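Chains A and B, in that order, are what the protein sequence lines are. In terms of the numbering used here, the first sequence is residues 469 to 1566. In terms of the numbering used here, the second sequence is residues 289 to 645.
Some clues are possibly wrong.
Selected chain A positions facing chain B (Cβ under 7 Å, derived; list incomplete) [to be verified]:
hint : residue
1    : P531
2    : P726
3    : Q778
4    : V780
5    : D787
6    : L990
Read the hints as simulated data drawn from the structure, not as lab findings. Being a predicted model, the structure only gives us computed values, none of them experimental. Yeah, the Cβ is synthetic: ideal placement off N, Cα and C, and Gly gets one too.
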Amino acid sequence: MMPAEAIVLPTSEQLDLFFDLLRRAEFKVGPNEIAAAQKILLLAHAEADDGLAARRLKTMLAPIVVRTPTQQADFYRRFDALIADIAPAPADDQRMQAGRTIGQPAAASAAAPPGMRSRRAVIAAAVAALLLTIAAEVWLLWPPPPQPPRAPPSAKPSPTIADVTGWVDPPPSFVTATLVRRAGYQVARVGAIALPLLLFAGWMLWRWRRRALWLERHSGVRKADPAVVRLPEQHQPLFPAADLTAIALDLRRHLRVPSRDLDVERTIPQTLDAGGSFTPVWQTVPRSPNYLFLIEKESAHDHVAGIFDQAVDRLVGEDVAVERYHFRDDPRWLIGNDRSRGIEPIADVAARYGDHRLVILAGADGMFEPLRDRLEPGVEQALAQWTPRAVLSTKPMQSWSWRELALRDLGGFDVATASHSGLRALAARAAAEPDRPAELLEGVVVSMPARPSLTRRESGPASAPSPRPGRKSALLICVGGAEDAEAEIRRLSSLLEHKAGFSVQVLPDPDRRRMVEALEFLVRTNYASDDTILIHFYGRFAPGSDGAIFLGSGEGLEMPAFAGLLNQSSAGRQILVVDGVMYDGALFQDSDTSAVPRGLAWDSSSPSTRKLEVVWARGLQRPKSEAETEVANGLTGLLVDTVEQDLTPIEAAMPIDVPFLVDLVRKRASRFGILDDLNLHYFTSAPTLEVMAGTVPHPDTTKMEPGAVFISYAREDQAAARRLCDFLEKEAGIDVWLDSRQLSPGEDWYDESRRHIDNCSFFIPVISAEAVRRQDGLFRREWAWATERAVRIAGAVPFIIPVIIDDTSANADGIPDEFRRVGWAQLRGGVGDEAFRDRMRSLVADNLGRLSDYPSRLTLWIISAFEVDQRSIQKAFGQFGNDWPIPEVMWPNSANDLVGVLRRALEQLDHAAGLIGVDRFSAEVPPVLTRIPDDRQRAAANIPGMVRRLRGLEQRHRVAAVTSFLLCANVKIHYSAVYQAGWTGLGVLGLQAPPDWVALLDGLPDPVGFVLGKRGDGVIQVRLRRVGGVDIAVGDSPGLYITVPERFAAKITSRPYELPLDQLYWWAIPQLEFAAAAVNRLPDAYSRDWYFDKIGGD
Amino acid sequence: MAIENNLDWRLREERDSEAVRSKRWQRLPELPDETDPQPKDYFADQALLDAANTALYLGRPLLLTGEPGSGKTEFARHLAWRLGLERPDSDRAYEPIEYALRFDTKSESRARDLFYTIDQVARFQQAQSSEGDVDPLPFMEFQAMGRAIIYAARSDRLPPSIGKKVGHPGEPSRSVVLIDEIDKASRDFPNDLLMEIERMRFFSPELNETVEAEPRFRPIVVVTSNSEKTLPDAFLRRCVYYNIDFPGAELLKHIVAARLSELPRGADLVDDAVALFCYLRGLHLRKPPGTAELLDFVRALLARGLVASDRLAHRQDWRSEAVQTLLKTQDDQRTAALKELPWEQIGKSADSGRERG
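Please work from the sequences and hints to get the whole structure.
Below, the structure written as structure tokens:
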């Protein structure tokens, strides 16, 4: 504590300066506050002599300007600094006097911002340079010191020499010396004058160079000021001030709420009307609404949250009552402004602000349970308390999907975009009728999720292996992401480095300067035309117009001309992967709606993207918008290329980086302890569990398979139709729906037929003279339905395939016009021929590739030999957050059930094959067409068939296919999960083969191996047993399922076999990645029909 | 009060004899006067008093925030006591002394409620059953602010009926008005108060009267808030703000000593209890204990039979009291894990605290 007499009171000028500083530090200081403070200061001066008042000045001033506890502490700190600053040196006896009278602006200089200080330095340097120059000038203009008296040779005649020679030449050295001296003098003079100025200029230049980065100087970018963020091409700020005022006005609009007060004016007539009996009418009183904003904030650098925070600040400034919380991913855990409270559960917040109106600013995805297409139950429950509630989605409207609809219909949220216009819509809604049912506030869902585009570029640098692999450089940037994002980046780095031969630089959470420098370096390095540079950016980004991409550096938005700049690089192939996890198009959609570059990556014809491939990577963390999925995952593509190359030379001895692999495994394993726990739990508790028979989810028998055929016939042609049906099923392996066979007595013909016609892939009307002759009949109605549906199907896609079973002419009366336009088949008596079979096969194959109506799901199936406590599994996975699906657990307890499971897995495989296979793989991997009939008795017999089909594939593709198969059957098909889980993630929770299975597999002619691995220290313990043709591990622990490559097959014996870790990995990881890549193409979106079916509306 | 000698009121598991049971309630310990601690016992630190000085000097309301239990409400009464504004004057000792006129804000409070409430229903029924105009005054209840303004009004400018209703002393007088927990009400409440607080007058349409305080006698307004809701800026601008930090160990000892007169100042028990309390507060509990909990805790210790010279570290039998009085949620109880209290650490802080004191 300072002794009383050491305290110095500031003067009123000093106080003014101090308050000026406070205003800059966002204290609310107005004229009233200053006047009050001056009054207090006067008071303090009046009794300054006792020193006590001086000491109390701080605590007396603070209450005037301070508004929050943090400001209070801040004020004390600043005031102490002020006092310390104006206190004179202790030695000075006159200190009190001096301090009180001399008004130095010392406070300002102490707290001057660095910018001001540097400006002062510049001025000082300039003045110094000027003074130096003047000094030099003055010194030089001074009359030069008199030359030392030096007699000219002629003035001092030497009689002897002069007389002898008569004339003496001046020595040549004298002339040169004079000239040199004179020139040197001039140079020195000019130099002395110019040097200080030159030095100063150089110093300024150096300062300027140091501050301005090359990229900034050359791309003509203005740095985005977060305070008024606007896109560089446009001069309109994202949140125009005038509009914000209007929004605030609407948000503030009072509601009328009932009160306890009597409305006398209206009670009197009411009472009179009621014949004098007292009939009270209560007043309604206006009340201004309060708002609770929950803002998703990925990290401290999240500029979208930052921008929105600022917008909210403005609203608060306009006197809208707003409480604000942030959250990361899960809105159940909130972080408020009051840091001391830490993370608060939403229940606490609800208790405090339950009557507020809720506004959530987030991507809608986080609120859904992935793969279960419903709102996360915990979130729903937690948010249920707020009735007027809204979601401002960070996704641009073009990317809205069924999720937004579901938020409205299932969650009761108003939905708008997280942008200026969304806020305006929200305000308008709040002002109008708060009690309306939830709605989409902005437009409608403009594009229902489309199927992912199936056509990949036929030949491009991506798939054409160059004869000589060029240099490959990669720069991985991860801005402000979560820890897992950084891990993700590191993983990518390992993969790129070790698998694809890139030299990689990783920038985890760089500051802006480092990021720009690294990009700059990459762009400016000289590359040859066959070199590749890859930039993977994980973070907030926004698309601008003209293919410009704004990468968020955490300090604002940067580099609109980035794409163009990258194009200047000499590298022949340039890839920019923009990871869409934090895609924030919504904020910018108002600026330029057409600018969202969908499919930009594949537009190779555009000159601006000549060399550059921009890839919007799908979110690695969670399923993202469909617009992003639409463009295939380029990164995966890259890996697929690599993997494909790696698969072929697998026999060749390749150098293996064992430490890397071991490290990789260790990292992954440590990140993913859950599977161990789960395994433990599962295997210790499973045998004691109650047997729950009949709970295996059976395939839905009423559903039409993709590629299935509907045969419609007149009663008279039943025999021919049956023959045709048998032919298609047995010979062509196509699913057929024939009413006489599938329809059980009592089932509603009308409904069933209608449904199947709507779902089938092909409609075959059996046409005969009888059919043409009959003018009425059920088949006519079927025909009508089919033609009705054909109208909805794109023209080029065949749907109706008429089959004539006799000599009827195609022009005969009674045949619908639609039938005449398509290709006919003539099959006498319904007996099929080879041409027809081939044609149908190819049609079905195409159709499987299209799969227009088939809602595919990504599923995690746990296949287990034992009954499992489903709830505990779900719990275990549920606690792991959104990235995991809740698995369906199935424990086939008989061969039939296993077949059921495998059958569904095959469907998935077909689908995957259909999706990838179209151009790249179709030649090698024919889609597996034949279905296993539903007949359970025949099921077991079909396993060999399935295996044979797989076996028929070429070896290297077979490896891939089988892996996919297992993936489909067993594991969550989610790109990130494959990695998150590491290789153990692929480990199914356990396949302890029951005798049943072994017997089943025993009959197989050729091994499709199942290896059951267990993680050990450096070595995988694989116990293989050869049962019949199949290598299978029996009675071992859970682990990794992989197929056995040929070269290992030779070594398989019945004794335990140690597979060296590196070999296994080298061989397994590419497969897993390949499979993941393949399966990753499965869409996680649903068709419009699917959605409306679900909602039950239109 | 020798609590420790008189413990046979305590309930035990075994059966009571009839003698023990009968009239046991009479032996129950004296209940502490929870609701009304003496305002003179309040200990305000200088910064708080300075804020009050500023408020008095500028004639603005004093807005106090702080954790529950940091003594916001008590300060208003203390201020009234310090200013000699108790009502009625302390020589009329037969009435309970009212220090600050207090208004407890409710979530549905409106600005008018601060001045008066009126029972419209009763008034209406009265109007029905009788002829002619009904005087609304009997149905009105003047609230804290209203009363304070009436007290501050000159009696010749005031209808006598109003002065009589609230007991106007004849001469205008000042009062301290406490508006407690203003953040409980809707946001309109503080906004609507602005003008009235500035002018210190109100108008009652029922009476058709405006009551205005004499400028010299303007009521001194103290507003408290739990800072659960952000208050409107316009309101904040008109207030003098002070955030009461949670009292430190020394102040807590003062408080305990002042409130529990049976404990001498500097008792080891108090030191230990405060040290334990401070330790627990440092644990980031979900519901950190407040001053009231500390007092309860010390009282419970006394009731348990501990005496002033006992050290907590040497005894084990107080733990259930600690759990019951200091830690209010299960999570916190688990977090605190009382079994493994770092006594060395706590003792050190208690000792160092004593040295400082």
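Q) Going by Cβ atoms only, is P531 of chain A closer than 7 Å to chain B? A) P531 of chain A check passes; min Cβ-Cβ to chain B is 4 Å, inside 7 Å.
**Q.** Interface restraint verdict for V780 of chain A against chain B (beta-carbon cut-off 7 Å)
**A.** violated (12 Å)
Q. How about P726 of chain A: closest beta carbon in chain B under 7 Å, or not?
A. violated (10 Å)
Q.
Please check whether L990 of chain A passes as an interface residue: C-beta within 7 Å of a C-beta belonging to chain B.
A. The hint is violated - L990 of chain A has no Cβ within 7 Å of chain B, the shortest such distance being about 45 Å.
(Q) Take the shortest C-beta to C-beta distance between Q778 of chain A and chain B; is it under 7 Å? (A) violated (16 Å)
Q | Evaluation of the interface hint that places D787 of chain A against chain B, nearest CB under 7 Å | A | holds (6 Å)
The structure fails hints 2, 3, 4 and 6 (numbered hints given earlier, in ascending order).
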